[in-house]
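Engineer: Work out the full structure, taking the sequences as your base and the hints as a guide.
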Amino acid sequence: MPDHPDLQTALKHYRQAAGLTQADLAAKVSVSRKTINTIENGVFVPTTVLALRLARVLDCRVEDLFSLRD
Amino acid sequence: MSDEVEKLSRKRRRLLIFMAIAFAIWQLAGLEMFSDLAGVDRRLTSFASLFAFVVWAVMLFILMRQRGVKRAPPKTRAALDDELVQQNRMRAFQTGFWVMLLTAGLVFTASHFFRIEGNVAAQLILVAGVVGPMLAFARLEGRDA
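In order, the protein sequence lines correspond to chains A and B.
Numbered according to full-length UniProt numbering, the first sequence spans residues 1 to 70.
Numbered according to full-length UniProt numbering, the second sequence spans residues 1 to 145.
None of these hints come from the bench; they were simulated from the model.
Among the clues, some could well be false.
What the hints assert, rightly or not - Label pairs and their in silico Cβ distance ranges:
#1 A/56 with B/97: 31 to 41 Å
#2 A/21 with B/78: 11 to 21 Å
#3 B/58 with A/18: 39 to 49 Å
#4 B/114 with A/21: 21 to 31 Å
#5 B/97 with A/6: 39 to 49 Å
#6 B/112 with A/62: 54 to 64 Å
#7 B/58 with A/67: 43 to 53 Å
#8 A/62 with B/98: 26 to 36 Å
#9 A/59 with B/109: 52 to 62 Å
Glycine included, each C-beta is placed from N, C-alpha and C at the ideal position.
Structural biologist: Rendered as structure tokens:
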């Protein structure tokens, strides 16, 4: 069950656009593949620090990765 | 790196489940009340309790030694204790709190119908407080694996 149903994420889209697997992205930000999977599924909401790291690796803004549903 | 993290994470999860079961058997089988309720020879429950203690001690040694984790690169070690793991640990402790509270309530209610010694009640609540978070953490770690 999602931690925050209002939050939606485009992490999967940006990761795939960057040509990375979940394992590749996990290695780049020093987390487990499962953590990336749970973020993509909306089960886990990362901290600001991890969100910034993900944005840096994927060369986008945090707001591009995470947003609130209308 | 990811394969190594998942392998070590699975190993930790398995160890926790076995440790929780061994701890519960060690503590509960040692209770006089348990052998009376089960209607079995006290020597049998004492042996089960002793055996479970040995299993628990071996598991604890393996968990504390963590040879695979200590040899792993820093990034792998960081991934084994990342934000999700920390959140799971926090939730497991929260679950443990509620399990302890529930157990205390059950023991209190049961004490109206059966004679329960204070030390037995404390032991039951402590077992719930130890086993509850361990199993909860294992369950959370197994989620979306």
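Engineer: Does the hinted range 54 to 64 Å hold for residue 112 of chain B and residue 62 of chain A at CB?
Structural biologist: holds, 56 Å
Engineer: Using the beta carbons of residue 21 of chain A and residue 78 of chain B, state whether their distance is inside 11 to 21 Å or not.
Structural biologist: About 19 Å separates the Cβ atoms of residue 21 of chain A and residue 78 of chain B, which means 11 to 21 Å holds.
Engineer: Does the Cβ pair residue 59 of chain A, residue 109 of chain B satisfy 52 to 62 Å?
Structural biologist: holds, 59 Å
Engineer: Look at the Cβ atoms of residue 56 of chain A and residue 97 of chain B and judge whether their distance stays inside 31 to 41 Å.
Structural biologist: The hint (31 to 41 Å, Cβ to Cβ) holds, given that residue 56 of chain A and residue 97 of chain B are roughly 37 Å apart.
Engineer: Just to be sure I understand the hint, the distance between the Cβ atoms of residue 58 of chain B and residue 67 of chain A should be within 43 to 53 Å; is that true here?
Structural biologist: holds, 49 Å
Engineer: Between residue 58 of chain B and residue 18 of chain A, does the C-beta distance stay in 39 to 49 Å?
Structural biologist: Given about 45 Å between the Cβ atoms, the range holds.
Engineer: With respect to the beta-carbon atoms only, verify the hint that residue 97 of chain B and residue 6 of chain A lie 39 to 49 Å apart.
Structural biologist: violated, 27 Å
Engineer: Taking the beta carbons of residue 62 of chain A and residue 98 of chain B, is their distance inside 26 to 36 Å?
Structural biologist: Since the Cβ atoms of residue 62 of chain A and residue 98 of chain B sit about 34 Å apart, the hinted range of 26 to 36 Å holds.
Engineer: Tell me if the beta carbons of residue 114 of chain B and residue 21 of chain A are separated by a distance inside 21 to 31 Å.
Structural biologist: violated, 57 Å
Violation of the numbered hints given earlier is confined to hints 4 and 5; the remaining hints are satisfied by the structure.
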